[in-house]
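Number of protein chains: 4
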Amino acid sequence: MQDNQEVIRRLKTTEGHIRGVQRMVEDGAYCIDVIQQIQAVQAALNKISADILDRHLNSCLITAVRGDDPAERERVLKEISEVFATSSKI
Amino acid sequence: MQDNQEVIRRLKTTEGHIRGVQRMVEDGAYCIDVIQQIQAVQAALNKISADILDRHLNSCLITAVRGDDPAERERVLKEISEVFATSSKI
Amino acid sequence: MQDNQEVIRRLKTTEGHIRGVQRMVEDGAYCIDVIQQIQAVQAALNKISADILDRHLNSCLITAVRGDDPAERERVLKEISEVFATSSKI
Amino acid sequence: MQDNQEVIRRLKTTEGHIRGVQRMVEDGAYCIDVIQQIQAVQAALNKISADILDRHLNSCLITAVRGDDPAERERVLKEISEVFATSSKI
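Residue numbers (the working numbering), protein chains in the order written: chain A, 1 to 90; chain B, 1 to 90; chain C, 1 to 90; chain D, 1 to 90.
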């Protein structure tokens with residue numbers, strides 16, 4: 001699926017970014033520069049998460065809310081509440 | 001509505017908490033103690049937001065997703081994506 | 001002290017903002033609008049915390065680091081680490 | 001340096017974790033499971049950042065604050081304020 005390829009591509013970029021941070025630490029880079037690069041990785045991961053949630057809302061959520069299984073619907077809505085609550089805590 | 005009363009009660013508690021922080025600053029409290037109290041207010045606001053979103057998912061969202069208006073459904077899903085994206089940034 | 005007055009003024013603004021959010025809930029405002037206002041309050045509190053920490057670094061921290069008491073210095077540095085660690089979690 | 005080895009080891013673990021998330025996406029894993037793994041990576045990065053800052057406070061900061069160069073001291077304190085302000089925003 002097209003969208004999955006795009007998510008994988010961005011995760012690979014993030015992986016490369018983290019390898020770059022490792023090299024910075026190996027080379028004795030200045031602590032604050034290392035922290036700023038880690039913060040950049042986190043900002044990129046935030047965007048990836050937000051895009052995955054967006055897709056989820058427009059697919060699984062719609063299916064569950066329109067479906068006939070109230071337990072399934074409740075489960076899907078509860079999961080979204082939980083990832084929102086966690087996102088405020090990290 | 002019962003739930004609204006509970007949200008208002010918790011917002012009032014938060015308001016009182018912020019007034020308490022003002023008094024701390026007036027009394028020349030130690031900076032770190034002030035910051036920790038502000039962080040406690042933030043944690044409380046996170047929980048209030050998460051609970052309001054939870055209610056929203058279980059009411060407006062269900063109505064919009066089951067409704068016949070695709071523009072309305074899109075709008076509601078987009079809003080949820082946006083509050084999630086913002087929640088990672090504050 | 002001048003700076004304290006400014007912090008108190010901004011906390012009062014935040015307190016008024018939270019009272020406004022209570023009125024929104026009382027008036028049955030749309031959930032997403034309420035959440036966005038709470039997020040605005042949190043962004044304001046983040047800035048207030050950051051400014052208080054900035055003052056702290058430029059006063060108490062300097063005194064502690066230059067002082068003769070290693071336990072005091074350790075305590076002050078540990079506190080700063082802790083508020084930083086907490087700030088990532090809320 | 002011992003501490004650097006430990007930071008590099010934890011960054012390598014994070015890198016492996018992100019590779020695992022890529023495989024999950026390739027295998028068509030459930031969106032919410034993917035988001036939760038990304039959130040776990042972010043929590044790990046938060047801890048690594050906090051530990052690097054802690055080391056920084058106990059080395060560079062002490063040197064700068066005790067040193068004779070007011071511009072250098074100001075720079076170091078400002079950097080810490082900035083990473084704190086950014087940490088509240090991601």
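None of these hints come from the bench; they were simulated from the model.
Remember, predicted model here, so these are calculated numbers, not experimental data.
Among these hints, one or two may not hold up.
Each pair may be met inside one copy or between any two copies, as identical chains are not told apart.
[Stated by the list, open to error] Cross-link-like lysine to any residue pairs, in silico, SDA-like; alpha carbons within 20 Å at most:
1. K47 <-> E82
2. K47 <-> E15
3. K78 <-> T63
4. K78 <-> Q5
5. K12 <-> S81
6. K89 <-> R73
7. K89 <-> G16
8. K47 <-> D69
So which hints don't hold here, by number, going up? 4, 5, 6, 7 and 8
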